[in-house]
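> Put together the whole structure using the sequences plus the hints.
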Amino acid sequence: MAELLAAYPLLFGALPERPEPPGGGAFGGVTVSALHIVLGDQLSREVSSLRGFDPSTSVVLMMELADECRNVGHHKQKIALFLAAMRHFAAELRADGVVVDYVALDQSDNTGNLTREVERAIGRHKPDRIVMTEPGEWRLKVETSSWERMFGLPTEIREDDRFFASHARFRQWAHGRASWRMEHFYHVMRREHDVLMDGDKPVGGQWNFDQANRKPLPKSVQLRSHKRFVPDAMTREVIELVTERFPDNFGALADFDWPVTRDGALAALADFIAEHLPDFGDYQDAMKAGEPFVHHSLLAPAINIGLLSPREVCQAAEHAWRNGTAPLNAVEGFIRQILGWREYVRGIYWASMPEYAERNFFGALRPLPGFYWNGRTNMNCLRKVISDTMHYAYSHHIQRLMVTGNFALLAGIAPREIERWYLAVYADAIEWVEMPNTIGMAVYADGGLMASKPYAASGAYINRMSDFCKTCRYDVKRKTGPDACPFNYLYWAFLIQNEGQLKKNPRMGMPYKTLATWDDASKSQCLAEANEFLNALS
Numbered sequence: 001m002a003e004l005l006a007a008y009p010l011l012f013g014a015l016p017e018r019p020e021p022p023g024g025g026a027f028g029g030v031t032v033s034a035l036h037i038v039l040g041d042q043l044s045r046e047v048s049s050l051r052g053f054d055p056s057t058s059v060v061l062m063m064e065l066a067d068e069c070r071n072v073g074h075h076k077q078k079i080a081l082f083l084a085a086m087r088h089f090a091a092e093l094r095a096d097g098v099v100v101d102y103v104a105l106d107q108s109d110n111t112g113n114l115t116r117e118v119e120r121a122i123g124r125h126k127p128d129r130i131v132m133t134e135p136g137e138w139r140l141k142v143e144t145s146s147w148e149r150m151f152g153l154p155t156e157i158r159e160d161d162r163f164f165a166s167h168a169r170f171r172q173w174a175h176g177r178a179s180w181r182m183e184h185f186y187h188v189m190r191r192e193h194d195v196l197m198d199g200d201k202p203v204g205g206q207w208n209f210d211q212a213n214r215k216p217l218p219k220s221v222q223l224r225s226h227k228r229f230v231p232d233a234m235t236r237e238v239i240e241l242v243t244e245r246f247p248d249n250f251g252a253l254a255d256f257d258w259p260v261t262r263d264g265a266l267a268a269l270a271d272f273i274a275e276h277l278p279d280f281g282d283y284q285d286a287m288k289a290g291e292p293f294v295h296h297s298l299l300a301p302a303i304n305i306g307l308l309s310p311r312e313v314c315q316a317a318e319h320a321w322r323n324g325t326a327p328l329n330a331v332e333g334f335i336r337q338i339l340g341w342r343e344y345v346r347g348i349y350w351a352s353m354p355e356y357a358e359r360n361f362f363g364a365l366r367p368l369p370g371f372y373w374n375g376r377t378n379m380n381c382l383r384k385v386i387s388d389t390m391h392y393a394y395s396h397h398i399q400r401l402m403v404t405g406n407f408a409l410l411a412g413i414a415p416r417e418i419e420r421w422y423l424a425v426y427a428d429a430i431e432w433v434e435m436p437n438t439i440g441m442a443v444y445a446d447g448g449l450m451a452s453k454p455y456a457a458s459g460a461y462i463n464r465m466s467d468f469c470k471t472c473r474y475d476v477k478r479k480t481g482p483d484a485c486p487f488n489y490l491y492w493a494f495l496i497q498n499e500g501q502l503k504k505n506p507r508m509g510m511p512y513k514t515l516a517t518w519d520d521a522s523k524s525q526c527l528a529e530a531n532e533f534l535n536a537l538s
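Each residue of the sequence shown is one higher than the last, beginning at 1 in the numbering used here.
Source of the hints: derived by calculation from the structure; they are not laboratory data.
Computed from a predicted structure; not experimentally measured.
Check before you lean on any hint, since a few could be wrong.
In silico DSS-like cross-links for lysine-lysine, where the CA-CA straight-line distance does not exceed 30 Å [unchecked claim]:
{"#": "1", "residue 1": "K470", "residue 2": "K504"}
{"#": "2", "residue 1": "K504", "residue 2": "K523"}
{"#": "3", "residue 1": "K453", "residue 2": "K513"}
Written out as structure tokens, the structure is:
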């Protein structure tokens with residue numbers, strides 16, 4: 001290792017630099033046996049691509065790629081988070097004596113393309129083989145699967161085993177099922193991984209405490225702040241780079257304060273467990289103007305890029321319940337998001353792609369309204385949620401599902417357009433987790449593979465769970481007319497237009513019983529007002 005340090009000191013220096021290409025298939029006098037690739041969402045010492053890594057004969061390749069920054073119009077904070085976390089991870093590896101070939105975004109000869117950068121690295125290092133962990137997107141899986149033939153090098157693409165369920169385990173569970181319900185899968189995961197279990201029974205005598213987790217915030221509640229992180233010098237350099245390279249991308253960088261290191265992520269986890277988990281359960285569905293985080297964890301970005309493992313997060317939450325510092329409804333609800341939903345949507349993604357991306361059960365074709373990108377709408381709930389998303393690259397799951405997602409469903413927005421928006425604007429959005437949540441959950445485009453009914457709601461739900469309606473230009477109690485909340489007539493128009501597809505759904509019985517009492521004139525008026533509103537959007 002001393003010879004490597006002496007021969008290639010720039011590999012251990014400033015990140016934008018790299019050494020001149022070594023020749024003769026050797027690196028610092030040592031034959032390079034393997035090129036180990038670490039992608040931007042694989043920033044963990046436990047990632048499978050680093051298993052068996054020999055620091056004396058192997059090189060880690062990390063790349064900042066313009067193609068990946070631009071494949072959708074990613075939020076500026078999302079790009080900054082990935083690049084800052086990658087640079088810190090590379091620095092930590094180097095501090096432990098690992099040779100890292102790091103290709104920075106603003107490096108003059110960076111092609112910006114994954115395959116071409118790997119090809120250039122092969123030319124520099126002449127490795128005997130390539131080792132990597134599977135990417136988190138189908139298109140990259142297809143791209144990387146061609147490398148062995150393209151480069152003429154053995155290429156080992158290992159499964160990403162940072163999850164509770166392997167691809168094979170999910171397929172085994174899903175086989176023969178007409179519908180894939182998360183709750184059933186969640187029970188299996190709880191048992192197999194002994195999470196919140198008392199022998200073979202769930203602790204507390206039931207699997208799900210969701211009924212206790214639907215309270216609106218009391219008017220007098222004082223919410224505690226979350227631990228946030230002042231950018232260090234390396235992160236500030238990244239913020240300047242993103243500002244320069246992506247000036248027109250969605251969102252702002254002024255409020256960037258995400259953890260970008262393993263230590264920072266652990267501090268964020270500890271803060272959530274101590275300060276927010278106890279109240280998370282009761283108010284996890286609540287929304288409040290000026291309080292975009294409520295008691296949510298804000299840990300999804302750190303988990304999804306590898307700074308935290310889902311296992312340690314679930315263990316920390318369960319430990320809090322067993323220690324008596326957090327109630328069971330909060331702990332179970334939080335663990336269900338990770339051990340249940342996160343694992344479940346990953347299984348759906350890999351078992352259903354690539355055709356899943358094109359599903360469109362309702363045949364929705366309307367373009368995404370421009371206010372999704374600028375927040376300029378008279379609907380206060382949408383304005384608040386989109387504005388917060390612009391500032392923080394974040395909104396919690398009810399804001400995503402029942403505000404921006406609900407509107408897209410009722411308005412007939414093309415599923416692929418709203419799906420690409422979700423992928424772009426949230427710091428935690430990686431396609432395997434984002435796409436099923438959008439296609440299957442938010443807009444029901446998969447026709448019920450994931451959800452037992454569409455998550456459609458009128459303004460009454462938003463009014464019950466938030467204070468958005470109190471200062472809105474529209475009246476949430478009016479069903480029709482120019483001052484009525486658009487969610488109201490859009491909801492009923494949605495039910496009328498899709499009655500043939502939804503009326504037999506047992507979970508849609510109540511609204512269709514109500515609709516059966518309407519006369520034709522009332523239905524026609526509702527449809528006319530919905531069409532007038534939607535046509536005005538364009």
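> Are there hints from earlier that the structure breaks, and if so, what are their numbers?
The structure conflicts with hint 1 only, although it agrees with all the remaining ones.
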